[in-house]
Amino acid sequence: MLAAAFADFMQQVVSGFASGGIYAALALALVIIHRSTGVINFSQGEMATLCTYIAWTLTFNHGWSYWPAFVATLVFSFVFGLATHRIVIRPVERGNVLRVVIVTIGLLIAFNGFVVWQWSGEPKALQSPFGTDTIDVGGVVISWQDVGTILVTLGIVVLLWLLFQFTKLGLALRAAAVNPEEARLVGVRVSWMLGLGWGLAAVLGAVAGMLTAPTVGLDPQMMQPILIYAFAAAVLGGIDSPLGAVVGGLALGVLLNLIGVYVDFVGAELKLPVALLVIFVVLIVRPSGIFGRPEVKRV
Amino acid sequence: MTPRQKQLVGFVAFAAFVVVVALLPAFISAFRAQQFAFVGIYLIALLGLNILTGYTGQISLGHGAFMAVGGYTTALLMVGNEQFGQTGALAIEGGMKDVWTIPIAGLVAGLVGLAFGFPALRLSGLYLALATFAVAVATPSAAKRFQEFTGGGSGINLFGVPELTAGLTPVEIFGRELAFNDWLYYLCWTVALVLFAGAWLILRGRTGRAFRAVRDSETAAVSSGVSLARYKILAFGISAAYAGVAGSLYTIAITFVNPDTFPIALSIFLLVGVVVGGLGQLGGLVFGAIFIHFMQIEWAQQMDAVVPDFLPIIGDIDTDTPGAPALAFGAVLILLMFFLPNGVGGIFRRAGQALTSWRYSRGA
Amino acid sequence: MRRLPAVVAPIIACAAALILLPTGLAGSSADPGITATTIVLGGTSPLTGPAAAYASVARGAKAYLDSVNARGGVARRTFEYKIVDDAYNPAQTVQATRQLVESDNVFAVFNSLGTEHNQAIRDYLNQAKVPHLFVATGATTFGRDAARYPWTIGFQPSYQAEGLVYGRYLGQTRRGARIAVLYQNDDYGRDLLAGLKRGIARSTARVVAEETYDVTAPDVQSQIAQLKASRANVLAIFGTPKFAIQSYVFANRLNWRPLIVNNSVSGASNIMLLASEGGKNKAVNGSITLNFLKDPTDPRWRRDAGMRQYRSIMSRYAKGANVRDVYHVYGMAVAYETVSLFRRLGANPTRAGLMARARSITSAGNPFLLPGVTVKTGRRDGFPIQQGQLQRWRGGKWVPFGGLWSSNRL
Chain A
1 MLAAAFADFM QQVVSGFASG GIYAALALAL VIIHRSTGVI NFSQGEMATL
51 CTYIAWTLTF NHGWSYWPAF VATLVFSFVF GLATHRIVIR PVERGNVLRV
101 VIVTIGLLIA FNGFVVWQWS GEPKALQSPF GTDTIDVGGV VISWQDVGTI
151 LVTLGIVVLL WLLFQFTKLG LALRAAAVNP EEARLVGVRV SWMLGLGWGL
201 AAVLGAVAGM LTAPTVGLDP QMMQPILIYA FAAAVLGGID SPLGAVVGGL
251 ALGVLLNLIG VYVDFVGAEL KLPVALLVIF VVLIVRPSGI FGRPEVKRV
Chain B
300 MTPRQKQLVG FVAFAAFVVV VALLPAFISA FRAQQFAFVG IYLIALLGLN
350 ILTGYTGQIS LGHGAFMAVG GYTTALLMVG NEQFGQTGAL AIEGGMKDVW
400 TIPIAGLVAG LVGLAFGFPA LRLSGLYLAL ATFAVAVATP SAAKRFQEFT
450 GGGSGINLFG VPELTAGLTP VEIFGRELAF NDWLYYLCWT VALVLFAGAW
500 LILRGRTGRA FRAVRDSETA AVSSGVSLAR YKILAFGISA AYAGVAGSLY
550 TIAITFVNPD TFPIALSIFL LVGVVVGGLG QLGGLVFGAI FIHFMQIEWA
600 QQMDAVVPDF LPIIGDIDTD TPGAPALAFG AVLILLMFFL PNGVGGIFRR
650 AGQALTSWRY SRGA
Chain C
664 MRRLPAVVAP IIACAAALIL LPTGLAGSSA DPGITATTIV LGGTSPLTGP
714 AAAYASVARG AKAYLDSVNA RGGVARRTFE YKIVDDAYNP AQTVQATRQL
764 VESDNVFAVF NSLGTEHNQA IRDYLNQAKV PHLFVATGAT TFGRDAARYP
814 WTIGFQPSYQ AEGLVYGRYL GQTRRGARIA VLYQNDDYGR DLLAGLKRGI
864 ARSTARVVAE ETYDVTAPDV QSQIAQLKAS RANVLAIFGT PKFAIQSYVF
914 ANRLNWRPLI VNNSVSGASN IMLLASEGGK NKAVNGSITL NFLKDPTDPR
964 WRRDAGMRQY RSIMSRYAKG ANVRDVYHVY GMAVAYETVS LFRRLGANPT
1014 RAGLMARARS ITSAGNPFLL PGVTVKTGRR DGFPIQQGQL QRWRGGKWVP
1064 FGGLWSSNRL
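Residue numbers (my numbering), protein chains in the order written: chain A, 1 to 299; chain B, 300 to 663; chain C, 664 to 1073.
Keep in mind that the hints are not guaranteed to be accurate.
[Claimed, not checked] No more than 20 Å apart at the CA atoms, straight line, and that leaves these computed lysine to aspartate or glutamate pairs for DMTMM-like:
#: 1; chain 1: C; residue 1: Lys943; chain 2: A; residue 2: Asp136
#: 2; chain 1: C; residue 1: Lys792; chain 2: C; residue 2: Glu765
#: 3; chain 1: C; residue 1: Lys1060; chain 2: A; residue 2: Glu122
It should be emphasised that the hints constitute simulated quantities derived from the structure, not laboratory data.
Please model the entire structure based on the sequences and the hints provided.
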């Protein structure tokens, strides 16, 4: 009896990790955009959805096999992110913060509209690169799709770390974000760095979308519920920390599942308000999140 | 122009506006009067949001949630929640006439806003936008969950409830009979104009200067003795109260409230309306309100008229093409941010400056 | 004291206006919306927003009406069908409906979609005596409360009736069934659940677990895991297509193979094919659902006359729309019945006449409904369609079994 209850509990934990992996993937994109440009991109989810549809079109309409489509989508997303930054964000990024917010919201509406226009609202399926097989560990079922998602996001964290710590490009990216004026003085092409940041974030978003779609289903609204959870994960882990995004996402997934199942008052319906509460509590108690560095405001 | 003269011009403009508002229903159809009533409701919400965002510099993407608080307060005060099976301490007895619920709704929403102001102190700029966005998204879920209190997804239907003035029969007021649409129009615009004057009074005084100081430079404000906390929280409270009144009127006008009547789209539109109308201006807000109302109802229908047919690809779209109107709307929003950074109100201000500086330069 | 005038002025101005100005009451003609050459119908539809997938209901109806117009219309009048977007927001529905009634002067409000949306406008339309015809929702109240709302009538089988059929079927065929239910936390999900419970009331079947979800949920993994943990052997999915597909995917991942009962809203073949994950997901096999429409993706109807008509109308009057979307078929089915009503009304239609006919329909042979399904209303029967066919998913398609179920005889 106890063993069964424990297995059920562990199953919830495992599905929490699975959901959390999805939040983490999108959170990574949010973190990179914020870290490289200081912007919170409300349209991140829609950009990810659009890129995922590109992958779908390549595999479904044009018969490409998965991995070539995957790579092609990444290339597309990079260009897409870069172009969006150059055309839409650059004119407004140095002005009033409010203008930037409205512009990213305009992008959200426009990208969503574009997806519905081109691909209709009918649900579609994107295959999973990890197959649909599962492993059974003492009554607890773990799917390769979920394991793969978590491994990929962790792998990306490592790659990003390598990029930022050990390459000149990474250094330039960090400099452009932290102190654009001085970076310019030492020869960093700041606006290209910012564009690169957007391109990189778009690639991460596309990866997030392609990992999410096999589980959740591909439709134009796919990323919208996930966006808030991704924000919560990013805030929890530290809005400038990729590792924080992943840890935050996984922790949030498990936390929401367990609260939803074992706290009767909350139930499954209040997961979103709980995520909201997490955002609030973190921003008040420790705004820099688990892995972030506290920001000191200089007068 | 001396400040005195500016004020005089302001007064005259306002008086002219009041006259126009008062006379308008005689010249338009009853249905249009109802549409303009909604413009008045949005104006109230925008006035509040403007105080918070335009004058105090705090971004809120969640004002729809404060409207929802006002709307639900009004509905519950009129109907009570015994019908949902709730007994005990949380039971609300209904039976209050709809107009009297308006100030209470404003008060309740204002208190919620004040409470929200405390944690919001720690957030600024984008983080505040993010947090308020999350509030607006989460509020419908919470309303659905606590259905013993709010009527859940089915909401609260007010039509036919005796405390509601609305209906298809004319309303009696001051001994005269008034069509429902006209009554709604006058109710909304009376409240709107009163609150407009109220906002003007708040903003021209010390409070307004303190708000602006907080927006322009927090360090300077603190060093001149302006308590950041007090004014930020106050701004939240006032703007939430305005939104609550707007929400209350909205519910009275729609005669229905449920979690979907105040979606995240509304919060987004409110912020857009304030920016398009012109941050920190009062005059442009009327345009912001008109913008919101007609964008919500008319955009999909009127897209055909707005987008020229000769534009390749885009010219082919109409209401039958799902998604295309939204794409165009997003694009228009972005273009507005490029070319009208100060909104419509900004155009007025610049036009006004051009006029007055012309006077100056003539050496008159 | 100097501050007073600013606040008082607007109040005085408006009071003065009220006292001094003439006011007109909106007059209403006998039956607007009818001219010598047109019948004006209007309705709201979620063209934008979260429920944009259901806009096909209105589009299908419009396409059918356009095709009828092309053949001369009814009694020499053509139909003008105004579809107004309400973005699935009941506040917009109210405003849009008032616009249709007071500004566009429609003859009838027809095919408006959404449960709360129609509830929000029902009182207004009944008080204004405007026909509130064939509302596009299965909430039971629209058929049950006909006495109180004589101007309102639904169309599709109610969700409770559907749940009732599933309950009876399970009660009769599965002794001691242990049923786990995933339901959406709104009237649609709850109605289905309530119907199911009534259906199993006098049998040995039991609902052993219920899990709900909000439409804002990204996924329902946690709920499916909980339902599996209840050791149920039947899973009822009372949710919309996205969540139905997820349920199949997660049940499969968890190696859980209950008998799955899927609801009609999510039962279209293209949804089932997506859920079957290219054939790799075996949880779909043996699923049952209740259906009353012909599904355009079902190979059974490839040569069917009604579906050929459907496809030809779609290609001529709804170019670019997705032919595989079953909601278009629903729209055509309801438009077909509406046109029949107007044919019966004859040369001088009145609103009261329309409702009287709507409450006395006996119609068979709707080309878009399953064969044998009739449309019938009466003085004590406010539900036009009460029949459905159970079908089982086998070999990548739906296979009907048993006869038609009539929920009013259960």
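A quick look at each hint next to the structure:
no.: 1; hint: C:Lys943 <-> A:Asp136; result: 18 Å, holds
no.: 2; hint: C:Lys792 <-> C:Glu765; result: 12 Å, holds
no.: 3; hint: C:Lys1060 <-> A:Glu122; result: 19 Å, holds
Against the hints set out earlier in the document, no violation occurs for any number.
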